[in-house]
Amino acid sequence: MRNPYLDVHRRIRAHQRPGPTWLLPLAAAALATPLAQPVLLSFLDGPPIPEVVAAGTDAIAFRMGALVASAMALHTYSDLVRGPDRAVLDAHPVQPRLLLVAIAVRTARQRLYLPLMGAILMLPLALHGQLAAYAGAVAVIVGAWLCSLGIGFTVHLAAVQAAFSPVLAAVLDLLRGDNPRMQAALIYAPGVVLAVAGLSVGMASAGVRAGLLGWPVGWAFLALPPALGLVGALLAGPLAQRSYVRASALLAEVDAAWAGREEGDEDRRVYLEWLGTRRPELLRALRQGWRRLRTWPMGAWGLGLVGAFAGWSEDAHAPAAVVAVAGAAVALIAAVPTRLAEGDPPWLDEALGVDPGRVALARTAVAALYAQGAILPAIAALLVRQGGRALAPLLVLELSALVAGAFAAQAARRFRSQGVLAYAPVAVLAWAAVAGLTWTGVRP
Amino acid sequence: MSSSPLAPRASLEVEGLRKEYGRVVAVDQVSFRLMPGELVGLVGPNGAGKSTTFKMLSGQLLPSAGSARVLGVDVARDPAGARRHLGLVPENPALYEYLTAREMITFAARIRSEDPTAEPDAERVEAALAVAGLGADADRLIHEYSQGMHRKTALACALVAEPPVLLLDEALNGLDPASAERVLDVLHARCAAGATVLLSTHVLDTLARVADRVILIQRGRVSADLPASELEHVRHMLREDEAAPVPRT
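For the protein sequence lines, the chains are A and B, in the order given.
Quick note: the first sequence, position 419, residue 418 per numbering that gives the first Met the number 0, numbers continuous.
Quick note: the second sequence, position 152, residue 151 per numbering that gives the first Met the number 0, numbers continuous.
Next comes chain B alone, as it looks inside the complex (with noise of 0.2 angstroms):
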């Protein structure tokens, strides 16, 4: 997949992405592009492959071949710099329990900033916790937090600075309808001032409110790759990818 030097720059470029484990392929030639200013849904059955490419994207797997980059950085390559450009929300996000989440969402604005060593900016914090709507628990330890508590705070981590790219593993798991449909927006309004969200879910009827485009990924391949219109087709492929009987490896 090569771009001319007239067509704008991808946000996030995967191609020809592969990880194995021994005899188990658990990704296999996944490539992709993500445009800035696109929110595009990663769909699959447990097991395909979405949380390894997610890791791969990060560069916390190193990929057996193929590439990613984010904003032009080769993740496998530098994965530090690849990482200034990204908010990331992982499958089972780490926080520092005995923090609460006004203080974690600070320090995560701290590390995300140009200056870590400077107080952060308060209004990027105070919006963060808005969206996380943690109300007066903000004030609470995390360690006594619910798992979608937790997973408020660790989004409203990955969103304090504004990153040009957000991946979000399973990241509306756990949350409460209304707070689902905050972070929805304000991805939404991320992604009109041009960043670019990969976002991963179980719950299509969420893409179809926001995604521009839905990739399904099967048994570690991208089995499709159309525009969210077309997601009663995708529905359709995973109603079947799950009568089919399990292959074995």
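Bound conformation, chain A alone (with noise of 0.2 angstroms):
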């Protein structure tokens, strides 16, 4: 029995040619590998006491299976509910059964990456001679992605079942905000996929330290996250066959009403627009960047929460951990050129007569001004706390927020879509650099 949309995306790959740039990724794990190590398994360090090896290895194992779990629960809706095949399939009959096999293929080979780059960013562990701890916890990273990978269709296929229910829809209404009713069930179900594959991660890290202090039955637990990832993928093939196609008018439905509130002049309004009222480029760009990657500027001041409570502390290494987690956060954020730049023609800018110079300034300056959601509230926390001591982390985050913009603007500027691709991997080395040795520096 052959699935067809499996041979399709075979086909698809095989015309791309894509190359090995699964490898970007790895390489800079690897390279950041020895400069994150003071941040990520700063407890090698000491003596290998293993009451600290154990504590260690759980907290890290669980912080990195969390990462990949929700870096999982976004890809799988992206790849599923607004993937690439949506679009044409939405003019043919579907098997959905078929077609969901043939998408977590994809999916799988796509962002096998992540607990790859898990497996070696603890490298460390091995090399220091904790062997088992090193199997533990890669363990853990390759259960979090199995587990968010099954679990996270599943969730997705559930969230359209649940925005067409008129049972849930007072619940949805309740948690919407301002969102549209349709949208609110989509909007959770990442939080679900991350709640869900968390607790399991959660008692798959605490059976390794178990394990490893001695209670062989702890590395049972390690079969918890891939069994409830089995137990996902088993309730999405139905789902899938009722939820798939309704999905294309639930899509549509929440795009049409986030277009129709663009109608009244309120929402015309644009994120520091204000900023760009005489700069055509970087207004264009400010305009761009909300009206279609609204989740980047609101997403920073999430990030920037995050960062809050690293910063919220009166211990020595609080500025070294504001660096690190908003660094973190900065890092993505400014990304955001290789985004705008992706629906970009290569003869937009010619035809508009814009120097393509000026445009990459104007997505840089976007990268600087949205990362501001991500800094500001973990420096606001730490200056609270330690008062001076916030300037240090505030200037070097709001340099690399400047050079990383600028080098992903350049990124876009030169590859297009592609330039993300040349953007991550420097992202991740430079921050691992920037993270390593500003904790290195503050260590007493």
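Derived from the structure by calculation, the hints contain no laboratory data.
Fair warning: this is a prediction, and the values are worked out from it, not measured in the lab.
Even for Gly, the Cβ is constructed at its ideal location relative to N, Cα and C.
Take these hints with a grain of salt, some might be off.
[Said to hold, decoys possible] Here are a few chain A residues that face chain B, going by a calculated C-beta distance under 7 angstroms: (1) Arg1; (2) His8; (3) His14; (4) Arg16; (5) Thr20; (6) Ala86; (7) Asp89; (8) Ala90; (9) His91; (10) Pro92; (11) Gln94; (12) Gly128; (13) Val244.
Using the hints, put the two chains back together into the complex; each one sits in its own frame.
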């Protein structure tokens, strides 16, 4: 039996001849590993006390696993619900179960770099002779990946069902805030994936800790995340049958609701638009960013809150923690120029008579401006708790935002939508270097 | 609009279809029936609601009110079921850009067949390729195609499995005259075999040759549903519409 969707994805891949781009994140992780070790695996610097190693492995395995699960929660949404197949298949009858298998295989292949990066970043554990801890940490990360892959599709498909459910309408109205009702279920789906995966990953990493401390049953907890993923995968087929096609109408409703809101003058306002009133390239980039990539400036403030948690401390390491956490957020948000360039055909700037250098400069400015959402809350928290010691992290982060934004803008100018492939490895490496050096620098 | 048990079953039944976006009403009280073997033109100025109607007929958009049925299947309730009877060419057809037209049409034939895991009927694929008239270009990647070639490929994908109902939204746009003629001949032949075609177009002369009826949509409402022989009247109404001041919503 041959799956037509798998066949078609295989053919597309053969025609695209993508090259070994998957090596880039792995190479970046390999280069970042020694630099990030002081931040991620600081417990290896002391004597190998079993309790310390077990606790440290538990903590880092959980964090890395949760990070992988959160990335997969978003990827499963973007690959299935808003994936590239939908527009093509909207004109045809589909066999949702077969399609789901093909999409899952493609997602697994394209996102395999996530657990591999985790395995590379954990390598210092093995190099310090902590082989069992290394194996346990990698198993947790791989389990998180499998779990979120399995339940991700299920939860997103269930969210489509929920969006159409008259029974849940009242609940969704309570939760949706300013969003259209039909979007409410979709918005919270990644959070549900993360919560379920996070719980099982937490139990698995705690199991590793117990296993390392001599309680063999603890290792059995490693089976929890993959088992949960398997259950999710089994439920996804019937849900796809009911929800995949209906999701097209749901997405059209959500998009139309947003477009309808922007009819009003109030909603035409663009975040930070006043900064671009006399700079047409900046105005264009700000408008494009706000209307097409609103999650980025809004998400930056969300990440800023995470940074604020790191900064709300009188610990001597808090400034370095702020640089590490907010720096990671800055590295992420500063990729926005590559997304801004995605829809622009190469001839556009030429046709508009615009200097590409000025466009790149405007995109740099947008990246730096959006990054303020990630920087300012963290610095404010640190300022309150430690006063003047917040100044150095502020300078480091602002400089990082400018440099990263400029690099992303140049990558976008040169490679358009592929610019992110050039930006991402360099950003990971730069973040690891800055975070590692800052952490080492403040060590008592 | 109710049908008696003795009346032949309509292929496409649209009843009181309405779509509103906030305060904007894009389509309102649109009703019509298309019988097997009919080729009906859907005409109207830009923004009249033709594409919105097509999207509701194919399950890509939920109606705010009213219903659409394809061979008795309610599109809003069972969009997947309705799609099995439909061949659709949307206004802006999306194709897998990194396939050749031959591969895309073969894929469409597979997923439209009874057994999508089996190889499709090669003769049907060749026949659809002949309608597209891409010649040697059929083995080039779609992302290298012009707009017209893109549309021809989408048409061939819709026609390959000979579905009983064809919804073609501006499907002849960008086609050279010879290709348009060839496609119209195929549509005519499909109707003769009992299929139903709803074709939206701006080229009224095209409809004069092939259509049985013409439905005129203006400002979201059906303003005329006439035999194709009265196309001149439709043309006149369209000219009046152009001359009329645009109402503010």
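Consistency of the hints with the structure:
A least Cβ separation of about 5 angstroms between Arg1 of chain A and chain B falls short of the 7 angstroms threshold, and the interface hint therefore holds. The beta carbon of His8 of chain A comes no nearer than 9 angstroms to any beta carbon in chain B, farther than 7 angstroms, and the hint placing it at the interface is violated. Taking 7 angstroms as the C-beta cut-off, the interface hint given for His14 of chain A holds, the closest approach to chain B being about 4 angstroms. Because the closest C-beta pair between Arg16 of chain A and chain B is about 10 angstroms apart, greater than 7 angstroms, the hint is violated.
For Thr20 of chain A, the shortest C-beta to C-beta distance to chain B is roughly 15 angstroms, which exceeds 7 angstroms, and the interface hint is violated. The beta carbon of Ala86 of chain A comes within 4 angstroms of a beta carbon in chain B, closer than 7 angstroms, and the hint placing it at the interface holds. Below 7 angstroms, beta-carbon pairs count as interface contacts, and Asp89 of chain A has one with chain B at about 6 angstroms; its hint therefore holds. Look at Ala90 of chain A: its Cβ gets to within about 4 angstroms of chain B, closer than 7 angstroms, so that hint holds up.
The closest approach between the C-beta of His91 of chain A and any C-beta of chain B is roughly 6 angstroms, which is under the 7 angstroms cut-off, so the hint is satisfied. Satisfaction of the interface hint for Pro92 of chain A is found here, the shortest Cβ-Cβ separation to chain B being roughly 4 angstroms, below the 7 angstroms cut-off. A cut of 7 angstroms between beta carbons decides the hint on Gln94 of chain A: the least distance to chain B is about 6 angstroms, and the hint holds. A distance limit of 7 angstroms between C-beta atoms decides the matter here; for Gly128 of chain A the minimum to chain B is near 48 angstroms, and the interface restraint is violated.
Interface restraint check for Val244 of chain A: the shortest CB-CB distance to chain B comes to about 4 angstroms, inside 7 angstroms, so the restraint holds.
Hint compliance for this structure: hints 2, 4, 5, 12 are not met, and every other hint is.
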